[in-house]
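Could you slot chain B onto chain A? The hints should help.
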Amino acid sequence: MAVEREKERPEGAEKPTPRWRRFLQPLLVPFLAILTAFVISGLFIILSDMEVLSAYANLFQDPGQALQATWKSVSTAYGALFKGSIGNPSDLYRGLSALAETGDTTLLRKAAYPLSESLTNSVPYIFAGLAVALGFRCGLFNIGVEGQILIGGLASVWVGYNISGLPWFIHLPLALVVGALAGALWSAIAGYLKARTGAHEVINTIMMNYLAFRLSDLLLTDPRLMGRPTGTPMTPQILPTAYLPRLLGSPLRFHAGFFMALGAAALVYWFLWKTTLGFEIRTVGANPDAARYAGMSVAKNFVLAMGLSGALAGLAGANEVLGVTHFLGGGFSPGYGFDSIALALLGKSHPVGVVLAALLFGTLRAGASTMQIKGIPIDIIQILQAMIIMFIAAPALVRLIYRLKVEREVTEVVFTRGWGG
Amino acid sequence: MPPVLELRGISKAFPGVLANDHIDLALEEGEIHALLGENGAGKTTLMNILYGLYTPDEGEIFIQGRKAEIHSPSDAIAQGIGMVHQHFMLVPVFTVTENVMLGVESTRWGIFLKREGAAQRVQEISEQYGLKVDPNAYVEDIPVGVQQRVEIIKILYREADILILDEPTAVLTPQEVKELFVIMHSLVQEGKSIIFITHKLKEVMAIADRITVLRDGRTVGTTKPEKTSLEELASMMVGREVILTVDKKPPQLGEVVLEVKDLKVRDDRGDLAVKGISFDVRAGEILGVAGVQGNGQTELVEALTGLRSVEEGGVHILGTDTTHATPRKILEEGVAHVPEDRQRDGLVLSYPLLDNLVLNTYYLPPFANGIAINDRAIIAAAKERVEAFDIRTPSIFITTTSLSGGNQQKTIVAREFSRPIRLLIAAQPTRGLDVGSIEYIHQRIMEKRDEGCAVLLVSPELDEVMTLSDRIAVMYEGKIVALLPAEEATREELGLLMAGAQRLPEKVVA
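Going line by line, the protein sequences match chains A and B. In terms of my numbering, the first sequence opens at residue 1 and continues consecutively. In terms of my numbering, the second sequence opens at residue 422 and continues consecutively.
Excised from the complex, chain A in its bound form:
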């Protein structure tokens, strides 16, 4: 008996988890969350489709028809989502064979349009997601990314159309840097207020958002400021010397900003985990008391983290103007800043996670427009996004649904510590 008991005791050293499991483990719950979200959103698609609902009225007379209508409705919707974001497989195939036979890329470019759109859409998401994630790492909840994107975009577009006569290799970087700086300064105000007076950054950044929105209204509508002489609320076109180059030729909008965004993710990773400044920011985020004890300045790090977060948000705006729109008009950001909060959560505030989550969000946004053309309300995409985030935020729920065993998670991610922060 005693010997048996001895065997049951857990070993001091746990069995090492195989490499593939360690790599896939963190992806499992997000994957299942996304899957579940698609299933539930499917229900909403059914519910929003009158044809399906009327078919269900005759469920008992003709169950076949009801099921058929359901399948049709859901498959049309998700099919459109797929075609709008990845592309039509047969078009892609035809494009590829045309390329192989004649060397003509026109067909392929056309077929790759959805994919290009997905990647293009993910650029601002990557930057904005990194902005939120960097704030989270310092224990700061930067709700103001939306406003910072706008400020960055405004600054960048101003440089883009107002300064002429520069070669592109000066004009473009200048426009980007000014956009980043503007975002940084704008959000550092909130950081400074927090560090100096303890005013909570959530409140500050929300208020700063309103300031940014109204400031942009003012600037865009007045021709003497940044508006057009016609009175339409948009800025003039930027000069081609400030364009972020489009890499795949017309009509594809895929531009160099995508690689900049990936570079930014790598840089953020390096900064947070391989530099003393990043170490301080993470320490302040994880335990401000211990940070103070260890001789770090909590206030300085609040301002620094907020500033860097704003710089990344500013770059999101700059990339949109310089790479996609080439001007800035009303409705410039369709909520990138707010989506990015969810996105940073989805990516567990890790640069790699943020990039993956941003690709997902970019893809969904690209697919959404095609879905809309097929008559499916765009709200479905928002429901889908909301569902994904909800399930990601409640891993216990996903585990419950799929009967997963609780792994002893090594949670390094620190979220903000509520309002007392």
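Treat the hints with care, as some may be off.
Pairs of lysine-lysine residues, derived as DSS-like cross-links and limited to a Cα-Cα distance of at most 30 Å, are as follows [unchecked claim]:
1. A:LYS300 with B:LYS750
2. B:LYS669 with A:LYS300
3. B:LYS669 with B:LYS599
If you anchor each label on the Cβ, the simulated ranges turn out as follows [claimed, not checked]:
4. A:LEU24 with B:SER816: 17 to 27 Å
5. B:ASN460 with A:LYS274: 32 to 42 Å
6. B:ASP637 with A:LEU404: 56 to 66 Å
7. B:ASP701 with A:TYR210: 48 to 58 Å
8. A:ILE203 with B:ARG765: 19 to 29 Å
9. B:GLU479 with A:LEU24: 43 to 53 Å
10. B:ASP871 with A:ILE203: 46 to 56 Å
11. A:LEU218 with B:GLY740: 29 to 39 Å
Note that these hints are calculated values from the structure, not bench results. Only a predicted model underlies this, so the values are computations on that prediction, with no experimental measurement involved. All residues carry an ideal CB built from backbone N, CA and C; glycine is no exception.
Just chain B now, kept in the frame of chain A:
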């Protein structure tokens, strides 16, 4: 007659740990049964099972010889089991009676409280067991020791026969501990039975009728105080020989390292917590600051380490004025700080162990070149320190949360002692640690003193202060009420001074 309470073969596993492994325990009527064990030995898990907070994986509970099913604290209370938690569950703005009634209120017409009956009952219980509590006092106005009695009254009011006291002496002054022991005696004389959870050996020897020792989730054995010794109990707890005394050589006094003059410091509420104190610490000596928690020691230490601003007065470290210096400046003067609350201030629990080992030296070479962190140097240093300071961990990459309290404290000690230091400020360095770790930390502190480091030791544990210190300062209400050589101090006198008694004038050493 069957035991009042019997636990048979209780097992409880948590992911990765077997917290309780077939534990047997029998509590006889009218006895004080001490449950002794280091942190993590499974005491708390066992009691939480008994109190219905956890369900055991295996094993049975018998009360008065009958098998009992306990699924929730209310089941436990119904079976006559009551628990006084280490952290009190009292509402400060309520009176004693209101706190006692809470949850079992008797009412008139369902909504109006009937206080009178309850107050009378509280009075009766209080007199019957010698608890001395005013039923109408507000809890926030009464001292901690009395608050604890309110907790005891609470469970007696619910007619408990089996009382579980979880580390009840941790928050008490030596006098209060004595009073608690008197109360415990009168409780058992009235037929109650008590399980007394602790890791303090001396208390166990003083009060327990029987002692059960747990280690690594298993019962090591049950014994009686008269049949055992402190040394034997300690080695039962730790699983090896333990040296309880620290080898103390005569101090080799050097220059004055820390000089504090008329220091005044405010607490978080803005009240003066340190009300003008002066002392100095020389190289090669340990100055112990004794005192009940909350008499300004925390604020004193925070002010000395730059974490709290100084209201008035001055602090000099090796001649440098550090009164208003930043924490980093003070660190760089060669001051090591073992903080009172290691999990709040001393460690980032979510970090891997290696980061905590360089938490305040990460920016210095070789750990950093400019702003770039040199992982290789940090890993090398971490491995070395884990080895040198005997930190028990499977890896230096493991999160610090998963280390035991003793190993967490060793991590802090390793970090602080690996820097060149001239002054060590240790606040409650062994709080909540097990015997083995206490022994280790004490030896390390003594080594530092012998190397010529000045040591300021702040601790509410009289034993600790008396074992280590060369001189002892007693703090009471923000002032140093006595400063005397350690060999002159007696437990009784220190205890009285800590409680606010005046010292006889001729014995005061300036």
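Tell me the numbers of any earlier hints that the structure contravenes, in ascending order. 2, 6, 9 and 11
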